Amino acid sequence: MRVTRAPGTSTVAGGFSNSGTDDLPPRLAAPLALDCVTRCPARVAVDSEDVRPQPADATQEPSVTDETYDFARIQQRWLPVWDRLRPFATDDETDARPRKYVLDMFPYPSGDLHMGHAESYAYGDVLARYWRQQGFNVLHPIGWDSFGLPAENAAIKRGVDPKAWTESNIEQHKRSMRQYATAFDWDRILHTSDPAYYKWNQWLFLELYKAGLAYRKPSNVNWCPKDQTVLANEQVIDGRCERCDTPVVKKKLTQWYFKITDYADRLLDDLNQLEGRWPEKVLRMQRNWIGRSEGAEVEFEIEGHHSRVPVFTTRPDTLYGATFMVVAPDSDLAAELVAGAPAEVRMRFQAYLDDVGRMTEIDRQSTERVKTGVDLQRFAIHPLTGERLPVWAADYVLADYGHGAVMAVPAHDQRDLDFARVFDLPVKVVVDTNAPVTGVMPAIPLDEHGNAVLPDDLPALDPKTTGEALTGDGRMINSGELDGMSKQHAIGRMVQLLEAKGVGRAAKSFRLRDWLVSRQRYWGTPIPIVHTADGQEVPVPLEQLPVTLPDSAGLDLSPKGTSPLGAADDWVNVPSPIDGSPARRDPDTMDTFVDSSWYYLRFLSPNDDTQAFDPRQVERWAPVDRYVGGVEHAILHLLYARFITKVLFDLGHVPFTEPFESLLNQGMVILDGAKMSKSKGNLVTLSEELEQFGVDAIRLSMSFAGPPEDDIDWKDVSPTGAQKFLARAWRLSKEPLARAGTDPKPGDRALRRETHRFLADAPGLIESLKFNVVVARLMELTNATRKAVDSGPGAADPAVREAVETIALGLSLFAPYTAEDMWANLGFEPSIANAGWRKADRSLLVEQSVTAVVQVNGKVRDRVDVPADIADADLERTARELPGVVRSIGDAEVRHVVVRAPRLVNFVIG
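Just so we're aligned: 608 in UniProt numbering is position 608 of the sequence shown, and the numbers increase by one with no gaps anywhere.
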C-alpha cells in the first residue's frame with residue numbers, strides 16, 4: 001500500500017559520527033549507537049517564488065558566526081539524544097495518562113522516501129506530538145507493507161531475491177524516517193513479509209474459513225496479462241490494472257474469495273457512524289462502491305432448463321413490459337443454456353464469447369457501441385402472463401451482476417431498447433409518462449383486448465420509433481390490476497403478486513462483489529490450505545503455522561499465469577494433515593490487502609508470538625483515533641479493513657466494529673500543476689530538498705502550504721522562507737532572557753495577550769486540522785516577540801521569555817529539531833516533546849478596549865477606542881462628540897440611532 005501517489009526517489013545513503021554531541025551540555029554528551037543518516041547529494045537550486053507570508057525582517061540574515069542557525073548541526077545534535085531518551089516509547093504498562101492512537105498508512109518499501117511521504121508523515125506527526133503535549137500517552141507506530149508485485153517485479157528485473165531487495169529498502173526507509181524526526185515508537189515496528197507477521201495473516205484466513213467466509217470457486221476473474229495474476233474488482237480502474245495500467249481481460253479460474261458481500265448492508269449502514277469524522281468524499285466513494293439497490297427478485301422458468309432463473313430488478317412494476325431475457329455470455333447460465341442447442345447456435349455463441357473475452361467491462365457497458373448478441377433459441381416463461389420470451393446472450397449484461405441475467409423491458413430501459421431495435425424485438429409500453437403522478441387518476445378507457453386507450457392529443461408513447469426509452473414517472477398501463485397506479489404503489493403491489501404466486505420476493509442487490517484474494521505470484525502470504533488427492537480442502541493446523549515461503553533461488557518468478565510456488569516440488573508436496581497421505585499445498589498467495597486490513601491491531605503487540613494481537617492491548621489502545629493517508633485507498637484498503645474488523649468483532653476478537661475513528665486524507669505534492677514524474681522532468685527529490693533546507697524547513701513548509709486535504713504545488717512552497725523563519729525564531733532563544741521560572745505577570749501585557757491567545761487558540765486549530773493557520777499564528781507571535789526585544793521592554797522582560805517558550809512549544813509540533821534546540825537554549829531538559837502544553841490565562845484574553853466604528857447613514861465617518869464593556873448610551877454619547885460625526889450630521893435631524901456596543905454606532909439622518 002502506498003501512502004501517496006507521488007513517485008519515488010532514488011536511494012541516497014550516508015552517515016555521521018557521534019561528533020554531533022560535542023556541543024551538548026555534558027549531561028547529554030554520552031556515547032550513543034546511531035541509526036540515522038544525512039543527505040549528501042549535490043545541491044539543487046530551487047526555482048520557486050516565495051508567495052507565503054514572511055516575517056518582517058526575514059531577509060536580514062546575520063553574519064555567519066557560532067551563533068548562526070545551522071540546521072545540519074542541530075539535526076546531528078539531537079537525533080542521538082532522542083535515540084537514547086526514547087521520548088515516544090509506549091511500553092510502560094503503569095502509565096495512567098489517557099491514550100491516543102495515531103496511525104499513518106504504512107508505506108511500501110520501494111526506494112527511499114519521497115515528497116508524498118514527507119507530506120503525509122508531517123501531518124501525522126503534528127497530531128501525535130500535539131496530543132502528547134496535551135497530556136496523552138500517544139501510540140504512533142510504523143511498519144512496512146512489504147509483500148506484493150512491485151518487489152517481485154523489481155527482483156525479476158534486477159535478478160535479485162525479493163526478500164533481500166525488500167529488506168534493504170526497509171533499512172533505508174527506517175534511516176530516512178529517523179532523520180525526518182517522526183515521533184514513532186521504534187520498539188513497535190513490523191513488516192508484512194516477516195514470517196512472524198504473516199503467520200497471523202494465515203491465522204486470519206483460517207478464522208474466516210472456519211466461519212464460512214473464505215471459499216474457493218471457479219469463476220470468470222479479472223486477469224492482468226502483463227502481471228499474469230488475478231485482480232479484485234477494486235483493483236481494476238477504468239478497465240485497467242491499477243498497478244501497471246494494462247487492459248484487464250476475463251479468465252476462468254478457480255480462486256479463493258472472502259464473502260465480503262455478507263457484510264454489504266453493515267458496511268453501508270455503518271458509514272453513518274463516521275459522518276463528520278471521515279471526509280465526505282470517502283464516505284460517498286464507499287457508498288457508491290457498495291452500491292445497494294432495492295427491488296425484487298423475479299423467478300423465470302426457461303424451457304428445458306432444470307431450475308428457475310432468478311432475475312433482480314429495481315423496477316418490478318414494469319414486469320408486464322418484459323418482452324425478452326438477456327444473459328451474460330460469460331455466465332454459467334449461458335453455458336448451460338447453449339449446451340443443448342443446435343451446433344450452429346453453439347458455434348455462433350462460442351465465436352461471440354471469444355470476442356467478448358477480449359473486451360473490458362468498460363467497453364461492454366459503453367452506451368456508444370452498437371449492441372451485439374446471439375439468439376440462444378431458448379424461451380423463458382413470463383411468470384405472470386405465461387408468454388414465451390426469447391432468450392439472448394448479450395455483452396452489455398455482466399456475469400457478476402445479480403445472477404447474470406436480466407429481464408429486458410425495452411420500453412423503459414435505454415440499453416434494452418437499443419438492443420431490441422437492433423434485433424427487431426417487441427417493445428411494450430407499461431408506464432404512461434404523460435399521466436399525472438399525483439392526484440386522482442381518471443378512468444382509462446380500454447380497447448377490446450384490455451389495453452389502455454390514450455387520448456389523441458398526447459405525445460405518442462412509441463419508444464421503438466423514437467429510439468428514446470420512457471424512463472420518467474407516470475401511471476401504469478397494460479399491466480392488469482396495476483393499471484392507474486403510480487410507480488411506488490405499483491412496485492409494492494407487484495412484490496405482493498410475486499410472493500402470492502411463489503415466483504418472487506422483495507430483494508436487494510449490491511455492486512459490491514466478494515473479495516478475490518488469490519494471487520498467482522511468489523512474494524506474498526502462502527494460503528494455509530492443503531489439497532488432498534480426493535479433492536478435500538484441509539486447513540493447516542495452527543501449530544504448523546507459519547507456512548513459510550521457500551527460498552526463491554531456483555524458482556522462475558517471471559509471470560506465466562500460474563504461481564511459481566507450484567513448481568517448488570519440495571515445498572508444494574506435503575503429507576495431508578488428516579492422515580499423512582500425499583497432498584499438495586495451495587500454490588497461490590494472498591492479496592496484500594489482506595496484510596494491511598488488520599495491521600493496526602498487530603502494532604498493539606508486534607512481538608507477541610503466541611497470538612495475533614493481545615486482547616488487553618486492544619482494549620487499551622484500539623480503535624485508531626486518527627488515521628492519516630491518501631484518498632486513493634478510499635475503496636480498497638479502507639473497505640477491506642472495515643470488513644475484517646467487523647468479522648473479528650463477530651468472532652469475539654475485538655470489541656468494536658469500525659477500525660478508524662477519524663480519517664485525514666492528505667492531497668498530493670505536485671509541481672506546476674502536474675503530478676511529479678521522472679518522464680515529465682518535474683520530479684523534486686526529497687533527499688535533495690532535505691540536504692539544502694533541512695528537515696524542519698521541509699516539514700514546516702508542508703504544514704504551512706494549505707489545508708492538508710489540498711494538493712501542494714511545490715512551486716508555490718518556500719522552504720527558503722521557512723528556513724529563515726526558523727532561524728529567526730531560534731535566535732530569540734539565544735537572547736539574554738529572564739531566568740526560567742521568573743513570574744511574567746509584570747511584563748509587557750500586549751505581548752502576554754498575544755502569547756496566551758496562541759496558547760488558547762492553537763489546540764482548536766490543530767483539532768480541526770488547520771495546521772497552516774497555527775504556523776501563521778506562530779509567525780505573528782515571533783514578530784511580536786522580536787518587536788518587544790528590539791523596540792520594547794527588551795529581552796530581559798519576563799513576558800519575552802514566556803513568549804519564546806511558547807514559540808518553542810508550538811514549533812515542537814512542526815519543526816522538532818529547532819524546537820528541541822530552543823528548549824535547550826532556554827535551559828530546559830530534553831525532550832520538549834513531553835514538556836506539556838501551557839494553559840492560557842483567560843483573564844488576558846478579555847479585551848480591555850475595542851475600536852468602535854461610527855457611521856452616518858451607513859458610511860464610516862469616524863472611529864474611537866472605547867472600553868470593551870461600554871454601555872450603549874455611553875457609546876452613543878461618545879460617538880456624537882467625534883469630529884467626523886459632527887461634520888457629517890451638521891444641522892440635520894437624527895431620525896434614528898443604531899447602537900451595537902462596543903463595535904458600532906450608526907446615525908440615520910434625513
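Any given hint could turn out to be false.
As the list claims (entries may be wrong) - Calculated cross-link-like contacts (lysine to any residue; reagent style SDA-like; alpha-carbon spacing at most 25 Å):
(1) Lys680 / Thr246
(2) Lys839 / Arg749
(3) Lys250 / Arg266
(4) Lys259 / Lys839
Think of the hints as simulated: they come from the structure by calculation, not from any bench. Bear in mind the structure is a predicted one, so any value in this text is a computation, not a measurement.
Right, here's what the structure says about each hint:
no.	hint	result
1	Lys680 / Thr246	holds, 20 Å
2	Lys839 / Arg749	holds, 17 Å
3	Lys250 / Arg266	violated, 30 Å
4	Lys259 / Lys839	violated, 51 Å
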